[in-house]
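Using the hints provided, position chain A relative to the given structure of chain F.
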Amino acid sequence: MTLEELNKIKNDYEELVLVRKVVKEQGEKLAEKTGYRKQVLVCGGTGCTSSGSKKVLAALENSLKENGIEDEILVVRTGCFGLCSLGPIMIVYPEGAFYSQATPEGVERIVKEHLVEGKVVTDLLYQETVHTDGSILSLSETSFYKKQLRIALRNCGVIDPENIKEYIAMEGYQALAKALTTMTPDEVIQEVLDSGLRGRGGGGFPTGRKWSFARASQGDVKYVCCNADEGDPGAFMDRSILEGDPQCIIEAMIIAGYAIGAHHGFVYVRAEYPIAVERLRIAIEQAKEYGFLGKNIFGSGFDFDMEIRLGAGAFVCGEETALMTSIEGNRGEPHPRPPFPAVKGLFGKPTVLNNVETYANIAQIILRGSEWYSSIGTEKSRGTKVFALGGKINNVGLVEIPMGTTLREIVEEIGGGIPNGKKFKAAQTGGPSGGCIPAEHIDTPIDYDSLLAIGSMMGSGGMIIIDEDTCMVDIAKFYLEFTVDESCGKCTPCRVGTQRLLQYLDKITKGNGEPEDLEKIEELAQHMQKSSLCALGQTAPNPILSTMKFFKDEYIAHIEDKKCPAGVCKSLIRYEIIPDKCKGCTLCARKCPVGAISGTVKEPHVIDSKKCIKCGVCMQNCRFGAIHTV
Amino acid sequence: MAEKTLPAFQGTPEQQQKLQEVIEQNKQLPGALLPVLHEAQEIYGYLPIEVQQMVADGLGVSLSEVYGVATFYSRFSLTPKGKHRISVCLGTACYVKGADKILAEVEKKLGIKSGECTADGLFSIDSCRCVGACGLAPVMMIDEDVYGKLTPAEVDKIIDKYLAEEGGSN
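Protein chains in written order, with our numbering: chain F, 1 to 630; chain A, 1 to 170.
Mimicking SDA-like on lysine to any residue, the simulated pairs with C-alpha atoms at most 25 Å apart in a straight line are: (1) F:Lys295 to A:Asn26; (2) A:Lys109 to F:Ile613; (3) F:Lys55 to A:Asp143; (4) F:Lys570 to A:Asp100; (5) A:Lys101 to F:Cys612; (6) F:Lys54 to A:Tyr147; (7) F:Lys54 to A:Thr151; (8) A:Lys27 to F:Glu278; (9) F:Lys570 to A:Glu154; (10) A:Lys149 to F:Thr629; (11) A:Lys27 to F:Gly313; (12) F:Lys510 to A:Gly98; (13) F:Lys570 to A:Thr151; (14) A:Lys101 to F:Pro419; (15) F:Lys344 to A:Gln28; (16) A:Lys27 to F:Arg281; (17) A:Lys157 to F:Ala589; (18) F:Lys423 to A:Thr151.
Since the hints were derived computationally from the structure, they do not count as laboratory data.
Bound-form chain F, shown alone (with noise of 0.2 Å):
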């Protein structure tokens, strides 16, 4: 592969993927000129095959046929879209028409009225995208849309995870071609230094001294590695970014190893996410097709090659050393650094191990130059973030937005608020490492810096928000279980340390509580801190510390009061009726599966609760809202 040959790829099939990207007008011009009428993409993420893309794919291409279409309309099955839930996403270019939650019955509506008939299926269009005059907006002015900033995620759901062309149709591999024809490994380190990156894995290194250091040990035996080992319940940045645009990984794992002197990298990704390892199973083939992988890349006499390895399901594999022993075919385990991975990594030699979401900026870098990536952002924080934002809220799904974006905007603009007009209560980032941001902070900037400060972390990017029905001692209790099943065991504060932990908060959220257990669930924390291996132990206790922080007064009313004031605790609450609601219908007495509800039809039930078992059936069951918890 040549420049020459990369730039008529390149200009071969950029009109055809810029129908995509262009404003309507432009699109539907650029569209007469690639041979397609127009263009249906469909979500093949995670999250739109779960909730049935591939048979609306199906039903697409069956009903095109049907139809007698099928040479004027171009399919496309892309990456992830970001709006998960509102799965599965189908636009159709070059109007931009944003049809949510297709259905196959919908989709043959669609072939018929809109890309037979020209009319756009109104009704089935994502509603926020469609005017009052019934004119339709496009994606990017949606609330959804119009605060990202998409550099990471700048392919996902543009273009087809599984065709190398049309990646380098944007601008994929100019910035390979650049780092190894026009610039020397130190002049990318420094790039990669001078644009500010910082780890975007949890930790927060910046990425260019990570690469400085191991571009200065010394060995003819390097390795890159990528951590595409996301752990974290409840993120699935990761996953989407290898879904959606796996070549961008690849050719930023290239850079990475022309950088420090490495010709060998792995990517070590989670069996459960079968599609991702797919698409960089295929990924990997045409970059070696193509010549982007292998030896003399652009006739730079460099040489690199790569290979997938399958995480096996421990979440203490995020942790760099540890994830290197796996690779090994080892438990596992970490090891105390120094020496560090930079030094003495995997296989024993130099080693850089990045995360997956930090090579996706790289290339962008090394293209558009340090200068213009510092400009995004804030000072310390340079650049982007995405965040899987889930829990309570109703856009969910994943988004990338500049440094300094606050909380507010996030839960109110970009997710659309809280659903069912429920109070925000706090957003947990970071998972089981990480904290909560309480609602007295919601004006709080996301960056690395000012979320350490408020004793919460970036973590990896998930974001679960929280709202008024969740009580935070039993959130705090639901990361220790994980931290207590993940800890791989080697070093006993992490160990037992979480144990201990969790067992306290089990009892006090089963009312047995004593007033001093808070201070000795501080002294514990402390104590993990300093003295556990690695990250899992020492940052096993936040989740606790930071509810403690802001929600000092749920737990003494679970320990003092003996009350779950969020009615989550099942050994503090009690199911009543109330009386003026209740009509009587028995409905909850039959379905009551211990016998504990009585009464006659038509008179307000009771609950006897010595035989009551808070399942909650009799709640969800009810029809008036007569049951509630006190």
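Quick look at chain A alone, frame taken from chain F:
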């Protein structure tokens, strides 16, 4: 716990042949044990001690090393799984939307606990940490199919559907 009820190992010569091929292909690979165990579990459905022994012999490592790795990772199972594997997501997004009630309903419906397999070998239940379908929380997977936005009542209906299919085919 599981040892008492563990069924006898019933590997076929074909399975053994396949495993030997996998071992041969990967023998020279640095860090071969994990990739080989992934494939072995693919072939046998689980990793009984007999399979671990074959892997140990094939790769020239001790059984204790294979056992150590097989028990470290949650994806590897030393006990057989049901014909239909139910996996209830207990990731954070699902948890705050009531995944614990979904798991309780599945357990009640099948009369077994998470990590167990029904006596007829039809169903096994596991909990998992995030299948990445957070937009559909709470979620469970049965085999490769994802069921989202669940309520306990729907769980009942879904499992009934599988039961009916199984009843019909017998």
